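In the order they appear, the protein sequences are chains A and B.
Take 13 as the starting number for the first sequence in this note's numbering and just add one per residue.
Take 6 as the starting number for the second sequence in this note's numbering and just add one per residue.
Treat the hints as calculated values from the structure; they're not laboratory data.
Because the structure is a prediction, the values reported are computed rather than measured.
Just to be clear, a hint being listed does not mean it is correct.
Straight line, CA to CA, 30 Å or less: simulated DSBU-like cross-link-like pairs of lysine-lysine [what the hints assert, rightly or not]: (1) B:44 x A:64; (2) A:77 x B:114; (3) B:114 x B:47; (4) A:55 x B:110; (5) B:47 x A:64; (6) B:50 x A:77; (7) B:114 x B:50; (8) A:88 x B:114; (9) B:47 x A:55; (10) A:55 x A:70; (11) B:114 x A:64; (12) A:77 x A:55; (13) B:114 x A:70; (14) A:77 x A:88; (15) A:88 x B:47; (16) A:55 x B:50.
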Amino acid sequence: EVQLVESGGGLVQPGGSLRLSCAASGFTFSRYWMSWVRQAPGKGLEWVVNIKQDGSEKYYVDSVKGRFTASRDNAKNSLYLQMNSLRAEDTAMYYCARIYDVWGGYYRDFWGQGTLVTVSS
Amino acid sequence: DIQMTQSPSSVSASVGDRVTITCRASQGISNWLAWYQQKPGKAPKFLIYAASTLQTGVPSRFSGSGSGTDFTLTISSLQPEDVATYYCQRANSFPPGLTFGGGTKVEIK
């Protein structure tokens, strides 16, 4: 059974840092692109970063470029998101998701339960 | 970047009604489209890929159609457990991103 379990969320002051983790199990983690997706309170889904199987390629949404860094440890089946210079507008539930490619399309087929990040003084 | 626009933003219907949600891409994406269901307080769930193929375990009352720029998600007979927000997502031109639509909230009247 595929499982993704996020952790590391919490309350942080503006300008602060936080590191999120996502522990994966039930599939060969190293074979998949992975993604962080966030959802601000009462808002829609926004992709944050997509990271290639070996971590060699990472693509960030413009609003987090230069502040957030995604990484992965395939030996530990884990995905990470280092968030620096946090702003109030980064307040959101953060989900990790597996990206599955089929017939040439790319889909987020499994999601974790999310971890809540609140940026407030 | 290709933009995804959903309509309506919310819909209220009675149990047993047919509900249709629309997703429009700013440029053609063939059939590279997914639909997700997010129930209140829960993570999104993958429903449909390649515009019309149901993920395993998804009830047959859900269906997807469309190609190019215009897509629909249809619930043929709305059930109480279908109360959720539904999102489309384009699935082509990856990387860099896989953009979501703004979501459509489905409620029971």
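Evaluated hints:
{"no.": "1", "hint": "B:44 x A:64", "in the structure": "holds, 29 Å"}
{"no.": "2", "hint": "A:77 x B:114", "in the structure": "violated, 43 Å"}
{"no.": "3", "hint": "B:114 x B:47", "in the structure": "holds, 22 Å"}
{"no.": "4", "hint": "A:55 x B:110", "in the structure": "holds, 11 Å"}
{"no.": "5", "hint": "B:47 x A:64", "in the structure": "holds, 26 Å"}
{"no.": "6", "hint": "B:50 x A:77", "in the structure": "holds, 27 Å"}
{"no.": "7", "hint": "B:114 x B:50", "in the structure": "holds, 23 Å"}
{"no.": "8", "hint": "A:88 x B:114", "in the structure": "violated, 48 Å"}
{"no.": "9", "hint": "B:47 x A:55", "in the structure": "holds, 14 Å"}
{"no.": "10", "hint": "A:55 x A:70", "in the structure": "holds, 25 Å"}
{"no.": "11", "hint": "B:114 x A:64", "in the structure": "violated, 44 Å"}
{"no.": "12", "hint": "A:77 x A:55", "in the structure": "holds, 21 Å"}
{"no.": "13", "hint": "B:114 x A:70", "in the structure": "violated, 44 Å"}
{"no.": "14", "hint": "A:77 x A:88", "in the structure": "holds, 26 Å"}
{"no.": "15", "hint": "A:88 x B:47", "in the structure": "holds, 26 Å"}
{"no.": "16", "hint": "A:55 x B:50", "in the structure": "holds, 17 Å"}
The earlier numbered hints that this structure contradicts are 2, 8, 11 and 13.
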